[in-house]
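The letter at position 97 of the sequence shown is residue 97 when you use the UniProt record's numbering, and the numbering goes up by one with no holes.
By construction, these hints were calculated from the structure, which means they are not laboratory data. Some hints here could point you the wrong way.
To be verified - Here are the simulated distance ranges between beta carbons: (1) Asp-104 <-> Arg-60: 50 to 58 Å; (2) Ala-81 <-> Arg-60: 20 to 28 Å; (3) Arg-88 <-> Arg-18: 20 to 28 Å; (4) Arg-18 <-> Arg-65: 22 to 30 Å.
For every residue, glycine included, the Cβ atom is placed at its ideal position computed from N, Cα and C.
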Amino acid sequence: MVEELDAVFHALSSEARRAMLDALTAGERTVGDLAAPFAMSLAGVSKHLKVLEGAGLVERRTEGRTTVCALRAAPLADASAWVRHYERFWEDALDRLQALVEEDE
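From just these sequences and the hints, can you work out the full model?
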């Protein structure tokens with residue numbers, strides 16, 4: 001599970017990959033559609049898609065001469081659970097900060 005989680009966070013570390021995932025939330029897209037907003041080659045987009053595929057976040061299939069990509073959101077649930085585990089520490093720190101601010105007022 002740790003290796004999968006590492007792969008998801010690595011995939012999410014790139015602004016371009018996050019934008020591609022965001023585009024896929026609206027439905028399947030071709031590689032060309034995903035490449036359109038970026039000033040990068042199709043080969044560059046393909047490298048980003050390989051990282052997303054490696055993390056299990058994207059599935060690619062070929063339809064004729066077109067490659068279609070689809071979002072696989074399940075690995076994001078593990079990442080979300082990991083972040084939620086630490087959320088209580090942030091909330092505790094913010095509660096303490098709020099108490100200090102209110103005390104100074």
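Q | Outcome of range test on Cβ distance (Arg-88, Arg-18; 20 to 28 Å) | A | Since the Cβ atoms of Arg-88 and Arg-18 sit about 25 Å apart, the hinted range of 20 to 28 Å holds.
Q) Taking the beta carbons of Ala-81 and Arg-60, is their distance inside 20 to 28 Å? A) holds (26 Å)
Q: With 50 to 58 Å as the target window, see if Asp-104 and Arg-60 comply at their CB atoms.
A: holds (56 Å)
(Q) Within 22 to 30 Å: is that where the Cβ-Cβ distance between Arg-18 and Arg-65 falls? (A) Given a distance of about 28 Å, which is inside 22 to 30 Å, the answer is holds.
Hint compliance for this structure: no hint is broken.
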